[in-house]
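> Chain by chain, the residues run as shown.
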Amino acid sequence: MSQARLSPGVLPGRLSAAELAANFADVAPPLDAHEAQVAADRCYFCHDAPCVTACPTSIDIPLFIRQIATGTPDAAAMTIFHANILGGMCARVCPTENLCEGACVRMEAEGQPVEIGALQRHATDGLMSRQGHPFRRAEPTGRRIAVVGAGPAGLSAAHRLAAKGHDVVIYEARPKPGGLNEYGIASYKAVDGFAQAEVKWLLGIGGIELRHDQSLGRDITLEGLRAEHDAVFLGMGLGGVNRLRTEGEERGNVLDAVSFIRDLRQAGDLTALPIGRDVVVIGGGMTAVDAAVQARLLGAENVTIVYRRGRDRMGASRHEQDHATSAGVRIICNAVPVAIHGNGAVAEVEFSYSEDGPDGLMLTANRFRLRADQLFRAIGQRLDGIPEGLALQGGKIAVDARGRTSVPGVWAGGDCASGGDDLTVTAVAEGRDAAEDIHEFLNEPD
Amino acid sequence: MADLRSDFIGIKSPNPFWLASAPPTDKEYNVRRAFQAGWGGVVWKTLGAEGPPVVNVNGPRYGVIHGPDRRVLGLNNIELITDRALEVNLREIKQVKRDYPDRALVISLMVPCDEQSWRDILARIEDTGADGVELNFGCPHGMSERGMGSAVGQVPEYIEMVTRWVKQYSRMPCIVKLTPNITDVRKPAEAAKRGGADAVSLINTINSITSVDLDLFAPEPTIDGKGAHGGYCGPAVKPIALNMVAEIARHPETRGLPISGIGGVTTWRDAAEFLALGAGNVQVCTAAMTYGFKVVQEMITGLRDYLDSHEMALSDLIGRAVPNVTDWQYLNLNYVTKARIDQQACIKCGRCYAACEDTSHQAIAMKPGRIFEVIEEECVACNLCLDVCPVEDCITMRELAPGEVDLRTGIARGGYANWTTHPNNPMAKAAE
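Top line first, the protein sequences correspond to chains D and E.
Heads up: the first sequence begins at 1005 in my numbering, then just goes up one per residue.
Heads up: the second sequence begins at 1336 in my numbering, then just goes up one per residue.
It should be emphasised that the hints constitute simulated quantities derived from the structure, not laboratory data.
Note that the Cβ used here is the ideal one computed from N, Cα and C, for glycine as well.
Don't take every hint at face value.
[Stated by the list, open to error] Per label pair, the in silico range of CB-to-CB distance: (1) D:D1030 / E:V1547: 37 to 45 Å; (2) D:K1204 / E:Y1397: 42 to 50 Å; (3) D:A1029 / E:E1727: 37 to 45 Å; (4) E:Y1397 / D:A1022: 45 to 53 Å; (5) E:D1404 / D:A1405: 39 to 47 Å; (6) E:G1394 / D:G1115: 31 to 39 Å; (7) E:A1700 / D:R1317: 35 to 43 Å.
Go ahead and model the full structure; you've got the sequences and the hints to work with.
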């Protein structure tokens, strides 16, 4: 083991460029044609298939798999894209074990689902690499719609609106489109700049103008958008990060996991990215896993996820948890941080074991400390900068089943809106459905 | 342990599994390896008349039908009889038979339909030591265009005539191989029997085009842009072969005529089914061509285990199902069953529901939670749900007890009664 790997502190270059390249390669390489054929053969073409019901975007999975099996993968891709224009990214990042694959009847039959996610990637990658944008716009309607946020919800809404002939302007706060697809997902899940390639491909439909550095509340206002557009869709995600509220949280190298993930995704040279030798991640969701695994892959020697409740309550799926532990991450459950020690920067984190009882989480007298020269917070995100006048529900923008907010002419979807899991695929579904409702609304006779 | 030794029309072999006349039996190298692998006998690939041998195409000879996972369900071939010199084949046959005296070695023959040609070829094979001859009246492609193979097998009079010549000019046991490319297989079987055949073997391959190249617009296998029909074989043809074997086994004119069963035998179970329907042994080709000669080992152990578990000798199995092959009109119309779904085994795919709801009798209910249940009031016991269910034994057919009311008809299950006496049958005879 190299000296760099063992040095304490937050340092770059713990691993060689070659090691890093191998560590951050595609975590689930695509199926080739033969593998896809074998995988597709396993689908039973179920009636009213449970996998479709389990998919937030209701992709007709048995149909697209049959299209792969019969040698028409591009037709399969179109089946996917009609339901989910970000089917390529969803094939990479969906927690399929909790969604389509978890519902696959093969799970009941032999505990091994049809590889739906991998088959979806096979079809969508194929079409995207072989041809340009496959959808055509309807005749122009002359309507103009504002979409706030170029993440999964906003892109999905914008595409569906553009397809119906409306003109769309997307207002994005960050310098690149994609939202969490670009900034918030572990690098090895979407390699080779897929998020940007997908957005470029999606915009190929035309009629969508993308404006960057446009932050709601800073550069633009909801009132202004309403005045200049026929409808507004809000899909700006969750900009704020929950704090631990633990003594010593202000110490150095106590960071947000989402920032770490973002910086890693945007880093041109991973050997220049500093990482601790002892890293602690607080949280139990996919963000915690993505941060912890990538810390290991960057060369951290000891990486520990500490989650306050039992393992069964973790937001990260069992598959994600196993991925973490197989990468060498230790998962400690039922422990809550009570103090962050150190001189300037974090050096140790002190935890108290907890018990999850009927009256909520109780701390016990049992305590332990973990060495840490980096601490990542991953205990959830929250809505940041809420425009005035919007009713909230559970800290998010309240929407009805059609995605309508409390303000007329304003729809919302994705993580910033109430209802649904905070998943890419859920955001895509909400954006799509809101677009359908906007279209219907605009077509209603006055 | 069950004794698998077989005596088929006096030809003895250590087991009833022979390799059919086909590419696997075209030469000494293959046949020796087949015997080493455990095959009980072979029918040497068809020999033609003296003189320059036939030639084969130099493009693909096979077409294929795949099931899931590219499993070979059917093969089609346009290969002709042996394209090797007669003398070479005869020398090799003699050597192999000398080294494997306990194995059956039958020679398949196909020569022009005249007495002299048959007389000549029979004279040539006399001193090979072979155990018998099989007359190839089945090959449906190529040779049939020259008046041989199935061109003979489709004319009962020719079958009888040639068989008579063979029996006249040879003392060897004679098996007549029949083509399925005919309306009623009993007619050629009768003709073979009249001509003095010791046995028939069936089926030879079925006229077929396996697929069409949708870019070239030509049948496959495609030879320079054209295709000719070939002969179809493999698991896909087994049901056709079983029926033809059974027809001959139960036909009054041919009952008792020994049958060598051919057509899609892939496992011991397939073989046992042919034997139960009256075949004295079986011949195999596609299974060996797909998986190699070793498959015979599974056939041997499987058949042996089956016979042991049923405390049967091989001879007890042969023909045991023949009395139960009947005509539709004699089926018991008072036999009532109902589908039953085992909820523990059900994986909730809903294929039974789709099949019944869309294409049958709307006799399966889909209840909340994807619970699929049979509606006995609607179930006609067609069995389709069971057939499309991916889980073995998840759906079974329950037989109604005598006297139990069929909820669909409201009629209590009665005793045996068939169409011949049914009141709806205008031709019905009063029950005696």
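> Each of the hints needs a verdict: does it hold here or not?
Okay, the hints, checked on the actual structure:
Roughly 39 Å separates the CB atoms of D:D1030 and E:V1547, a value that falls within the hinted 37 to 45 Å. The beta-carbon spacing between D:K1204 and E:Y1397, approximately 47 Å, falls within the hinted interval of 42 to 50 Å. Evaluation of the 37 to 45 Å hint for D:A1029 and E:E1727 yields a pass: the beta carbon distance comes to about 41 Å. A hinted range of 45 to 53 Å holds for the C-beta pair E:Y1397 and D:A1022, which are about 48 Å apart.
Under the hint 39 to 47 Å, the C-beta atoms of E:D1404 and D:A1405, about 43 Å apart, fit the expected range. For E:G1394 paired with D:G1115, a C-beta distance near 46 Å fails the hint of 31 to 39 Å. Distance hint check for E:A1700 and D:R1317: the Cβ-Cβ separation is about 37 Å, which falls inside the suggested range of 35 to 43 Å.
In this structure, only the earlier hint numbered 6 is contradicted, and the remaining ones agree with it.
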